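Chemist: Chains as they are written, first to last, in our numbering: chain P, 2 to 325; chain Z, 2 to 408.
You may find that some hints are simply not true.
With a straight-line Cα cutoff of 30 Å, these simulated DSSO-like cross-link-like pairs (lysine-lysine) come out [to be verified]:
1. P:Lys-97 / Z:Lys-206
2. P:Lys-208 / Z:Lys-215
3. P:Lys-25 / Z:Lys-215
4. P:Lys-25 / P:Lys-265
5. P:Lys-97 / Z:Lys-215
6. Z:Lys-215 / P:Lys-18
7. P:Lys-262 / P:Lys-202
8. Z:Lys-324 / Z:Lys-347
9. P:Lys-278 / P:Lys-265
10. P:Lys-278 / P:Lys-12
11. P:Lys-202 / Z:Lys-215
12. Z:Lys-244 / Z:Lys-347
13. P:Lys-202 / P:Lys-268
14. P:Lys-206 / Z:Lys-215
15. P:Lys-208 / P:Lys-268
Hints in this document: simulated from the structure, not taken from any laboratory. Source: prediction; values computed, not measured.
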Amino acid sequence: MAEKKQGRLTKVLDYLKHDDPFSKGVAFCPGCGLELLLRFIPRVLGNDIVITGTPSCSAPVLLGQNNQSWHTLSYFGTLMTGAAANATGLVRYYRKAGIDNTVVCFNGDGTANDIGFGNLSGAAERNEPFIYICYDNEGYMNTGIQKSGTTPFGATTTTTPYGTVHRGKNLRRMNLGLKMAMNKIPYTATATLSDLEDLAKKLLKAKEAKERGFCFLHVFAPCPTGWGADPADTIEICRRAVKSNYFPLWEAENGRIRMTKTVKKPKPVDTYTKLMKKFNHMTEADMKILQDDVEYEYCLLGGLSVLEAECQLPVSVKDQGEAS
Amino acid sequence: MNTTETPSRIKVITGNAAAAIAAKLARPDVVAAYPITPQTEVIEQISTFHASGEMDCELITVEGENSAMNAVMAASLAGGRVFTASSSWGLVFMYDAVLAVAGARAPVVMVNVNRETPGIIAVSSGQQDMISTRDAGWIFLIAEDCQEVLDLVLQAYRLAEDYDIQLPVMVHYDGFFLSYLSEGVDIPEQETVDRFLSVLETQPKRTVLHPGEKLGVGSHGILGGYMELRHKHVTAMERSKAKFEEIDKEFSGIFGRSYGGQLEEYRTDDADIVLVGSGSMCGTIKSVIDDQREKGVRIGLVKIRMYRPFPHKALVAALKGKKAVGVVDRSLAFGFDGGPIYTELKAFETRMDGAQLVSFIDGIANTDITKTNVDKMIQMTRDLADGKDVPEVTWVSYPEANTKGEK
């Protein structure tokens, strides 16, 4: 009976060709988006990847606690400041030594968008041959829910609390995926956990594209603990983020953007925000600011996807790579 | 210095060029670096070698020093031989990774071209960058001249990658004074360097990070094991002292140049008084010592070549029984009445059978440590030996510091 109902799911299962290298029970919060993503990656890409991670929510599981990691992958615990540079060092040595490799540089938004953005940008410029995956939970969750550059307008965090003068973050979030796509790297994509087939395809595309250079995946990964959401709602939050265009799904090859999922009638952004407490305090006027921002960003993205499809890909971009 | 015949050629090159040539001769797998005055020429030279195919390495032209250190750390832990170079602010900007490299026991070799760090205007020589990072857990070596820059980089690879050591090594040399000074340097043949470094290939293989292996680097939140790792680090540092002496002897047999290991002693055997120095100042000091010796002054020099781990046993052995010892620092230690190396040496004064110590601060921010200045230091150290009243610390080129009544 499951077979009939699970048609879509079995499609996803086709992509899970490898074992889950993680322990059955790990030290993540219930409903953690990061955990789902972390288990998914090696099941699609294989267990022979080298994964790097920083001090973050992923650290206890990925890097191990008291000498024991919770998985059987080859891994490297990096500093937040130098994550992409560490991955660079690995792939450059492997290339020199002729060792086949798929290095996955796995970091939160704090590392990717904020403190480690310089070296992420440098790796993109040099077109380093590895896959950088950012799990975006919109803040510094491991240190206790602080604001990051991808925290959205209005959201409360412990450094943008609700007060009588200031009410949540009074700045818009940065669009990390778009920033990276504009570097014209071989492959950039956004993905999330409600659309696993899309995520699996993008992982495989990245694995193939990293033979030509740098790949970046921006994955929306809710944090029920930090956002004040029901752990059972993680997937629904992702789904509504996509359906409201709060987190659109697209990919870009050499910077040419293509939507991988188009929402015909986007839902209002409050269908998404009402699933969590971090936006609870927002007035109608506040919500309008967020709604307008989501629409504006989507409009820009749509414009880019139309414009760039018409642009002739230069030979230099097809063949890019640091001389060595 | 011995003069064993080996195939070689002498070229007039700068200290920076000597560092770059040494790096090339060591055949690193991965080089990552970022430009900074006065180090820039090192990476320019390496880039030229790379562009012409003389150097077959992965060259990573990073977007900042922090990435340079992170990249070479990972490449080293993956099994590669690596090289980077920096100075002053660059060293500070990579400092979190400098600490991580030490903790991971990655055998990274780098040169640091000493430059002042206080204030952005301090584009000048001084050892404050070295002093500010001295307990990062790296082995610190200091070169006196351009030849020693080249030789120390080669020795650094033997030390860093030795199976019993496995520690990062930083070779320091004075910015401006050595970085841009051109002098004759004996550049060894590639095959001679290959022979010197080939010993490493006969040793057991260190653990490396390769794809598909159930192995990780950088565990998070180690409790009991952390103390053990730190203690192992300390003992490996201690082992490096004797290992460095061995390497220097072997180097001498192959290249015909010997420096003495942790310290170089110059005319100390029958000396009553001794100056302790490091880096490029030592050439001037040696020259003044020769002059003074002709006048019958029994003076010698102890040159610190290995600064971390601190070679206290070798220093005590060299200074024991001397009447007075003047320690020359090119940097500051706040809250102490004297320079940093003086302060560290002071802890061992009671083991020196009555040798008295006095501190000289000079050579800060490109100030020349002139022959006249060295003469002054020697005179004051002699006065101390003669029982006269000598201030504990003297800023040799800045007499105002000594007369204002400030400590």
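Chemist: Evaluate each hint against the coordinates.
Modeler: Against the structure, the hints:
no.	hint	result
1	P:Lys-97 / Z:Lys-206	18 Å, holds
2	P:Lys-208 / Z:Lys-215	21 Å, holds
3	P:Lys-25 / Z:Lys-215	17 Å, holds
4	P:Lys-25 / P:Lys-265	39 Å, violated
5	P:Lys-97 / Z:Lys-215	22 Å, holds
6	Z:Lys-215 / P:Lys-18	19 Å, holds
7	P:Lys-262 / P:Lys-202	13 Å, holds
8	Z:Lys-324 / Z:Lys-347	15 Å, holds
9	P:Lys-278 / P:Lys-265	28 Å, holds
10	P:Lys-278 / P:Lys-12	34 Å, violated
11	P:Lys-202 / Z:Lys-215	26 Å, holds
12	Z:Lys-244 / Z:Lys-347	26 Å, holds
13	P:Lys-202 / P:Lys-268	26 Å, holds
14	P:Lys-206 / Z:Lys-215	25 Å, holds
15	P:Lys-208 / P:Lys-268	33 Å, violated
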